[in-house]
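Order-wise, the sequence lines are chains A and B.
According to my numbering, the stretch in the first sequence is residues 12 to 169, in order.
According to my numbering, the stretch in the second sequence is residues -7 to 150, in order.
Watch out, some of these pointers could steer you wrong.
Unchecked claim - Pairwise CB distance ranges, derived in the manner of DEER restraints:
| id | chain 1 | residue 1 | chain 2 | residue 2 | range |
| --- | --- | --- | --- | --- | --- |
| 1 | A | Arg74 | B | Glu31 | 12 to 22 Å |
| 2 | A | Lys61 | B | Asn(-5) | 27 to 37 Å |
| 3 | A | Arg159 | B | Lys52 | 21 to 31 Å |
| 4 | A | Ile89 | B | Pro81 | 29 to 39 Å |
| 5 | B | Gly55 | A | Glu145 | 35 to 45 Å |
| 6 | B | Lys117 | A | Arg142 | 18 to 28 Å |
| 7 | A | Gly64 | B | Glu17 | 32 to 42 Å |
Said to hold, decoys possible - The calculated EDC-like cross-link candidates involving lysine to aspartate or glutamate, where the alpha carbons are at most 16 Å apart (straight line), are:
| id | chain 1 | residue 1 | chain 2 | residue 2 |
| --- | --- | --- | --- | --- |
| 8 | B | Lys34 | A | Glu36 |
| 9 | B | Lys(-2) | B | Asp28 |
| 10 | B | Lys117 | B | Glu72 |
| 11 | B | Lys133 | A | Glu96 |
| 12 | B | Lys64 | B | Asp122 |
| 13 | B | Lys57 | B | Glu125 |
| 14 | B | Lys133 | B | Glu72 |
| 15 | A | Lys106 | A | Glu55 |
| 16 | B | Lys20 | B | Glu31 |
| 17 | A | Lys162 | B | Asp71 |
| 18 | B | Lys37 | A | Asp31 |
| 19 | B | Lys20 | B | Glu38 |
| 20 | A | Lys22 | A | Glu55 |
| 21 | A | Lys63 | B | Asp50 |
| 22 | B | Lys57 | B | Glu105 |
| 23 | A | Lys162 | B | Glu72 |
| 24 | A | Lys106 | A | Glu135 |
| 25 | A | Lys61 | B | Asp50 |
| 26 | B | Lys(-2) | B | Glu21 |
| 27 | B | Lys20 | B | Asp(-3) |
| 28 | B | Lys64 | A | Glu118 |
| 29 | A | Lys162 | B | Asp75 |
| 30 | B | Lys(-2) | B | Glu31 |
| 31 | A | Lys100 | A | Glu145 |
| 32 | B | Lys53 | A | Asp21 |
| 33 | B | Lys34 | A | Asp31 |
| 34 | B | Lys117 | B | Asp50 |
| 35 | B | Lys34 | B | Asp(-3) |
| 36 | A | Lys163 | B | Glu105 |
| 37 | B | Lys53 | A | Glu138 |
| 38 | B | Lys34 | B | Asp(-6) |
| 39 | A | Lys22 | B | Asp50 |
| 40 | A | Lys153 | A | Glu141 |
Bear in mind the hints are in silico, worked out from the structure with no lab data behind them.
Quantities reported herein were computed from a predicted structural model and do not represent experimental measurements.
We put the CB at the ideal spot given by N, CA and C, even for glycine.
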Amino acid sequence: MTEPIFDETDKGLIRHLQGDIPLTERPFREIAERMGISESMLIERARLFKEKGYIRRFGATLRHRQAGFSANGMGVWIVPEEDRERVGKIMATFKEVTHCYERPSFEGWPFNLFTMIHGQSKEECFEVAERISEATGITDYKLLFSSREFKKTSMQYF
Amino acid sequence: MDNTDKLILNKIQAEFPISERPFLELGKELGLEEADALERVKNLKESGIIRRIGASFDSKKLGFKSTLCAIKVPEERVDEVADIINQYPEVTHNYLRNHAYNIWFTLITPSRERIYQILGEISQKSGILDVREMPSTRVFKIAVNLRFKGAGNDGTDI
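With the rest of the complex left out, here is chain B (with noise of 0.2 Å):
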């Protein structure tokens, strides 16, 4: 990953254009052909830095519900219990933490019933009485970007 892979990296995590010609537009923001731009796209899609390029959404604007859950579990039932919670397509991630509380779950539901019910069947399945939900009550920032030291393209330290 050379300097110019790490520009491509932080202009595409804020914005992806929306074009007819999103590589051409990529492109000549960064002073390349519009194939060259394509070509690394690839090449670090395909070394699996980027996991993909799409439309996050709001699931709230879309009328959904979203928590994070955590559930205290013993620590030799962890695998199991992570399939459990698997399972569930509105889990879109689950990870192991350094916590009484150990592991850590997202959920995005069309509506709260759902979760509730979901977190039931968590909990009958896996016999844990100790899951928690915590909606968020406040947000003071989403910004999934990684920002890249040293490719800052407004002489910013990023």
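Here chain A stands alone, though its shape is the one from the complex (with noise of 0.2 Å):
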């Protein structure tokens, strides 16, 4: 994959995107203005950039806390190499999964795949990878629940 080169403008951009949005009736506005360009230029690349697929998703970002979801449970699995495009796509598919990867192990590390679960209590993370166990078939597993957050902050790329 060739590196895209990013223009000042673009680079303003992901500098004023990365953050927050004013709260106000017209935000963009508001950005583009501190940015030297007009709302249209803004709102127009800012659309650019999310087709093109660099802004996976433009939205809110909750604390998930505060939202009631105290517990968020990692899911490890141990998986066939040849078994895992298969379960990787059921895993996927419950809507408690938010995020779902295949990692390499190491020696004593034998989990290949990776679900983050979120729930409203501990017991329904378990609930949800009991499900997930039976619709795959997988067995090996562990949930290594965060005990402690000591930091969560979004990507300060430019």
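Reassemble the complex: the two chains are provided individually, in unrelated frames, and hints are given to aid placement.
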């Protein structure tokens, strides 16, 4: 993949949209003013960024605990290589699973599929993991719960 | 938080309108006045449920490298080591989890070299050699929406 080349306006857009938009009637006009470009140019370019997939999602990010989703369990699964495509696709269909990745295992860490499970309680996460296990036939797994959050920020790219 | 708030949250997590009058647009979809939609979002922000509204960029498409890291830290040194890790702006998430690998953090950097450099420094500063990184090799799902039950706008149970 070739590295994308961003001009100064692109970088400014990334800088201004990676944070928090102002909560006013016309937030994009305010941001455009800060960037020194027109509102229509900002909107047009932001939409283009979304179309091209540079912006994966434009929307609200919640504080899980305040929103009532107090439990976040990282499900880690041992899945044979040849079965991962099938299993990963099934895992992804669960609405409680927000992220699902394949990652390399290593000595002392045999797990290779990861699912982030958000629930309103630990019990709910366990119950979801059990349903995933039944749906996939994968029984070798663990749920790692986060007991403390040391940091959670959005990336500052430029 | 009433049902309308839940509808708003389900909606704007998935997509906040990129337009001149986003709250007018949002209000129209939910049968609210622009001012009411804006007011509700402001309240959800002030009460801490909404962390931010903005763009989530696809780090890979922007040319950045990301990875998940785990480190085995003796229980009594957890705070100290978490502080060492948190110093890096490239660290976006950092959690304590219930496993021998007990601190889990994510890194987003411009290059693989920088990942190795940061992990080397963390290892050196903490004196802990057992630091692992697991870059994703396949992505099955990335969707950070937390779905509120009973507020489905398409009749589904969400």
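Notebook entry, point to check: Which earlier hints turn out false for this structure, listed by number in ascending order?
Noted result: 6, 7, 14, 15, 19, 34, 36, 37
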